[in-house]
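Could you put together the complete structure from these sequences and hints?
Line by line, the protein sequences give chains Z and D. Just so you know, this note's numbering puts 277 at position 277 of the first sequence, and the rest follows in order with no gaps. Just so you know, this note's numbering puts 141 at position 141 of the second sequence, and the rest follows in order with no gaps.
Hints in this document: simulated from the structure, not taken from any laboratory. Wrong hints could be hidden among the right ones.
As the list claims (entries may be wrong) - SDA-like cross-link-like pairs, simulated, lysine to any residue; straight-line CA separation at most 20 Å: (1) D:Lys101 x Z:Arg233; (2) Z:Lys172 x Z:Asn158; (3) Z:Lys312 x D:Pro141.
To be verified - Over 10 Å on every C-beta distance to chain D, these chain Z residues come out as not near it, computed from the model: (4) Ser11; (5) Thr107; (6) Ile256; (7) Leu288.
Only a predicted model underlies this, so the values are computations on that prediction, with no experimental measurement involved. Ideal placement from N, C-alpha and C gives every residue a C-beta, glycine not left out.
Next come the chains, spelled out residue by residue.
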Amino acid sequence: MLRYTLKRLLSLTLSLAVASMVIFAVIEVAPGDPASFMLGVNAQPDTLAALRTELGLDVPKTERYLTWVGGMLTGDFGTSYTYRTPVSQMIADRMWVSLPLALYALTLSTLIAFPAGIYAASRRGKPGDIAVMGATQLGVAVPNFWFAMMLVLVFAINLRWFNAGGFAGWDKGFGPAMQSLTLPAIALALPQAAILARVMRSALLDVLGEDFMRTARAKGLSRRQALWRHGLRNALIPVLTIIGLQFSFLLAGSIIIEQVFYLPGLGRLVFQAISSRDLIVVESVVMLLVFAVIVVNFVVDLAYAAVDPRLKSRT
Amino acid sequence: MNLLEIRNLSLSIGAHNILKGVDLSLSPGEIVAVTGESGSGKSMTALSVMQLLPETAEASGSIQLEEQELLDLPEDQLCALRGQSIGMVFQEPMTALNPVKSIGDQVMETILIHKALPPAQAEERAREVLTRVGLPPNRFPLSRFPHELSGGQRQRVVIAMAIALRPRLLIADEPTTALDVTTQAQILDLLQGLVTEYGMGMLMITHDLAVVADLADHIVVMRHGEVVETGHTRHLLRHMQHPYTRMLFEASDHQVTLPPVPDLQPLLAVADVVRDYRKPRTRLFAPPEFHRAVDGVSFTLHRGERLGLVGESGCGKSTLTRAILGLEEVQQGHILLDGSTVFSGHKPDRAVRRKMQVVFQDPFGSFNPRHKVHRLITEPFYLMDAPPKGTERSDRIAEMLAAVGLSPDDASKYIHEFSGGQRQRIAIARALITRPKLILFDEAVSALDVSVRAQILDLLAELCEAYDLTYLFISHDLNVVRTITDRVMVMQAGKIVEQGDTEQVFSDPQHPYTEALLAAAPRLPKITRGVA
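In structure tokens, the structure reads:
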């Protein structure tokens, strides 16, 4: 297990190094000079040059890359071109919204998907299965912003249980902050839960057809016991893969939901930074998201090995 | 009192009648073998006793275990019986165990699920039964996982699970079909020993009549869901009443006559061939280790000769086959076909490659299901510089289909419209269509029922006559190799340990491994032939 973990760690570090180079290269070749964008088309050449020097845009690219990476390693993400504030502070503020939101949504989606998928698989072809599958079909098809709007209509406007938007802030306490994240989390979780439930069901159905399930039944396990003791753990591998992908998506991909609920999250930050050519913010946020995805994959890899002993000896 | 009494058992799944009035009985300490070809309903009979049938199956009649009727027992009581009073061993040891649970947990589960013993004692019992089946915990700790064991060892674990609570009835469904002959002999020994020791009754499902004749006290022969003949083993072998039974036994020991070999002209020369596989690294910067799958193999195959290659799984048969076909490069030595090397540089030589074809084991997996037969069997034409076109092509297709006993009209059908035996005929037609100088048969009849196998062997003998075939016949089935080859090679751990005239090697083996292999193979008693 230790060797497996070390190998995964090594691959994690290499992926991060490669990712940082790719991100830097891609963003550097993208058209649009931040300095001329900030000063407008009529800027004087000497003002422009001065700003470029100030922003550190006049040094060679390799040096800028090394400064950028070195800075990130020490927690210094540079200064935003547009807002002139430290990028690390901007990201940290947004992270306190996006990360809890993603975790909240993921927890909800897993809590809905597991029972639904297991229930459907154990009643294959029966009315219960058909009902769950119909519901997940709907969940996959309907976009999450529509769910968001419906949730706002019902729970914020009619019932007044929640605020329609905005973020209370963690300084107001855990309760109010979670309350303002609840409707967005549900809206994000429902489509993800639908996908996850379908994956759970089909993975379980695959496992139920395996020879060892019949062996388990021949030992005297009931259908239900066989499913819980032998089926579930074997079905977890594809499910874990999807959970890993969903977390990465939820962290960065919630921009529409952030707009609907007016939440100051990472998605909105990137969107604004791209519109104003605030390259250093874009680079840093993208790098951070890549970091998150790679770390999540690392955790998923460890989870695979915990679930399936064959992986430990194979690698 | 009989332990198991099946009366007039019928079973249908949807519109299909799987079993039709099956009668069978079994006493304690007795081994009853149910035999027949695929689709005869023998496995369904076993699953009916376990009541582990598909949900849509409907059974009628009566199955009594010690005078308790199983067919109308509620599910929870059946669960209490399974594992406790009836144990079951399955065919595929590689997949019958849960890959993510240790063998100790899986054996203990049988004991714990029936609350037969408290956990600490259950573990003790698990150690005992694992030791009894030949997996002592000092060498095979309970914490081992199935993937760390060989096929035979896994089958021992499955047996340990089945006998942990000393059931009165043990059902074994093709328990040795997936195993090598020597492993098969050990597992059969173990099962027989357990029956005697525990006084269990054993219902054994198998298609292998040699195993049946060796092991069973009673034989039940089934065909199309019906019992066609039943009787005491010795009696039934002497006085077979039903023509189907006689056909089965004759087909199992089917002999063919091959045409004589013409003068010895070398066709395939294999010299000092070595094939290494790189093992996964044990440490990050450790020097790579190699597994030598083929170790200094040399032999010559002459034109018109039929050469056999036998050995157990993992002995390097398949690797050698792939090397001859030019699918893999060898590390040392060379392979010459008709005087030219199969590999030129690091690429297989097309000019050499087109002189040989291969027929594989699995008639269901070796065809593209989306192509019609005419396209499937003309695939080797891609190797030719000027493949036949137009009427020449269709004539050749018709000729080949006729040669393997099919109709030229079959060319426009898809592969799913054919049975296993017919598919193997099509595979032979595909191999023959370019008139290759050499054909490799890689376990080509191993997946077939005995009667179909006999027909394919006859076909091969006819084709030898008509097309002067030269082939290398790779098989683990010694009986088949004995009749279909002139010369045979015995392979063990990558080396050819013995080669010589087939009859000579089989009747007077020189190498101890050959002796062991022949001794382990179950044999049909001679009394079966010529007695009606």
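Verification of the hints:
1. D:Lys101 x Z:Arg233: Between Lys101 of chain D and Arg233 of chain Z the Cα gap is close to 10 Å, so the pair holds against 20 Å.
2. Z:Lys172 x Z:Asn158: This hinted pair is violated, its Cα atoms lying about 25 Å apart.
3. Z:Lys312 x D:Pro141: holds (18 Å)
4. Ser11: holds (12 Å)
5. Thr107: holds (25 Å)
6. Ile256: Holds: least Cβ distance 39 Å, greater than 10 Å.
7. Leu288: holds (30 Å)
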